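Student: Each chain is listed here by its residues.
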Amino acid sequence: MFEPESPEMLANVLEKHGYLADEGLATACFLALRMGRPLFLEGEAGVGKTELAKTLAAVLDAPLIRLQCYEGLDAAQALYDWDFPRQLLHLKAAEAAGVHDAERLEGELYDRRYLIARPLLRALETWPSVLLVDEVDRADDEFEAFLLEVLSDFQISIPELGTVRAERPPVVVITSNRTREVHDALKRRCLYHWLEHPSFEREVAILRKRLPGCGETLAAQVARATARLREADLVKPPGIAETLDWTEALLTLGARDLDPDLAAASLGALLKYREDQETVLRHGLLQDVRSG
Amino acid sequence: MSGPAERFTDPAAATRAALERMRAGAAPPPPPAGTRPGARPAADDRPVDERLYATITGFARTLRAAGVAADRERTQNMVEALARLDVTRPMDVYWAGRFTLCSGPDDIPRYDRCFAAYFGGERAVPARPPAVVTVTRHVAVLGDEDEAGEPEEGGDAVPMTASRVEILRHRDVARMTAAERDEIHRMLALLEAARQRRRSRRFTPAQRGRVDPRRTVRDTLRRGGEPARLRRRTHRTRPRRVVLLVDVSGSMAPYADTLLRFAHALVRREPRATEVFSVGTRLTRITDELRHRDPDTAMRAVSAAIPDWSGGTRLGEELKEFLARHGSSARGAIAVIASDGWERGDPSLLGAQMARLSRLAHRVVWVNPHKGSEGYQPLTGGMQAALPYLDDFVAGHSLAAFEELAALLAGKETGKSDKRHRLA
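Just so you know, the sequences run in chain order A and B. Residues 1053 to 1344 in our numbering are what the first sequence lists, from first letter to last. Residues 4 to 427 in our numbering are what the second sequence lists, from first letter to last.
To be clear, the hints were calculated from the coordinates, so they are not data collected in a lab. You can trust all of the hints, since none of them are fake.
Cβ-to-Cβ under 8 Å is the rule here; a few derived chain B residues that face chain A:
1) 72
2) 103
3) 108
4) 203
Covered, in the sense of this in silico footprint (three residues per stretch, anywhere, with C-beta under 8 Å from a C-beta of chain A), are these stretches of chain B:
5) 79-88
6) 95-101
7) 214-227
Quantities reported herein were computed from a predicted structural model and do not represent experimental measurements. Quick reminder that beta carbons are idealized off the backbone N, C-alpha and C, glycines included.
Sequences are here, hints too, so could you generate the full structure?
Tutor: This is the structure:
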């Protein structure tokens, strides 16, 4: 696995893979890799939390194992499950063959091959790998409890089979949108980082990097416009994900700079609330970005 | 930075040694006498790692005083992180501490201030707009206005008769003596604050309900493949979340203490399904402070955490900030606003925010202490703007009124829930 020597070096490699990380984020990733601790990322929706995990996986040339959280997520969905139909089949087959040795049969039934590994177990068994626990705030306390257990020792005990321990822990990225306060014990295990919206220069760089068709002029105007919208009084200020969508929409419409009519026509890619679109159009927030 | 690591011969080794010291559980050495913590003492002949250790633990102590939960384990994590970075670089120290000692966006402005104050000189550029929460400590005791004017000799010791309790239950807390109010607070602590339930996504085994394939198959397997009886499951229920916003502005001062004690009763009963904020001129989350078991300890913590006691009210703006920062916690919850609706700001802003809140929340309840007084009409601008979006409008001036509110949150008042038409 790739082992960065310094945060700067990691930032460079991330950039080569299309992700522009600032000093803070690069240092956080560096420490997460070096200390073997999970990285806990919080921030507004659309600042690139999930994207970071994907890029880390690409950088490390490791599979990304993703666990999307939701309320009611249980051990059978997150850790492991027994393949009951195949177990039954095995039982019937053994019966037909006249096997009556109960103990042997039991041993066969709870064999590793009938175990279905769900994301957390899969991440422990795969090295190198990047485990993305996405939107952990959507899960409930029960899930947090066993996630904490897995992340403390990087092991899972399966009553019928024994303990599965990761020889080397996977790289773990946990994201949260703060719809709920995540338990302190879980955060304490992790390196905590709050992601901000990117600065103007960084946003221009990201747009140019991700959308090769996007010229310097358009990128600068879009970045200026979104920076202004983030200052404005909106229900949901646009994140970098929305900015990218919007720029792509503008490019598809053939814009070379931020034409107010095209901007208004494609506003739905940037702002997802009716109130916000009205505010922007009413106050003419996109009128004069071309002139600066 | 005149920081901890200046002139270290081998900083990395020093950091590792400091880490060893911490792991070994050495008591944190006091910061060198006569100097500001963090400043490198001129004539300190202690080993480098010990000084580093003292500096970091001192920094953690400063953070704790500012309200950041920089506990021992976290501090150790910071040193561990530092051992992998360059301890002589201020920004590395900054980030190592921020990743390990902070646990939320509210911590970051505090952390930035403490870092600047503690290590002095060059500071990390705060990436966020300045301070949402100040770290000023308030020594004022809650609702102590009429305490001086009311000589209550041994009021606490006199056992209360049933009829007196009954009278007290309906009295306005603003007109009570300190001792009477204490009695009310004791009763509030015993309040039965049961909570309405909502259906969870999780299942629980049940006698009736849909077939539970997992348990049925497992059962079959246990019987050697013989089809057994069908197992069933049904959705589990969970307490519905309550988000309580308590107005602590000047006009609400006589009621704020009692309201916060009511909030404490709610948090005690359902710690994971209650969120409490104080509003006034700024929004402060006080749920953690209210988690103390003892009501008085909790109240002391709360009074230290709220920076804007008895100020003005900008309810519309506060509500907006709440919706922007914590809005998703109101989704599907019962939102309770305890305020008299004396809005200094623009009532139309409050109206727009109430509309948003009512779209997010399961129910919106407004508690106005003045509603308990005879002939009250909701005429204030704020109240007028909010009324169309309320599901319930209740009084919150006496123990009886709080019991009613508690029953409402417990979902016992289902008879009157003709949503939104009763009030408009």
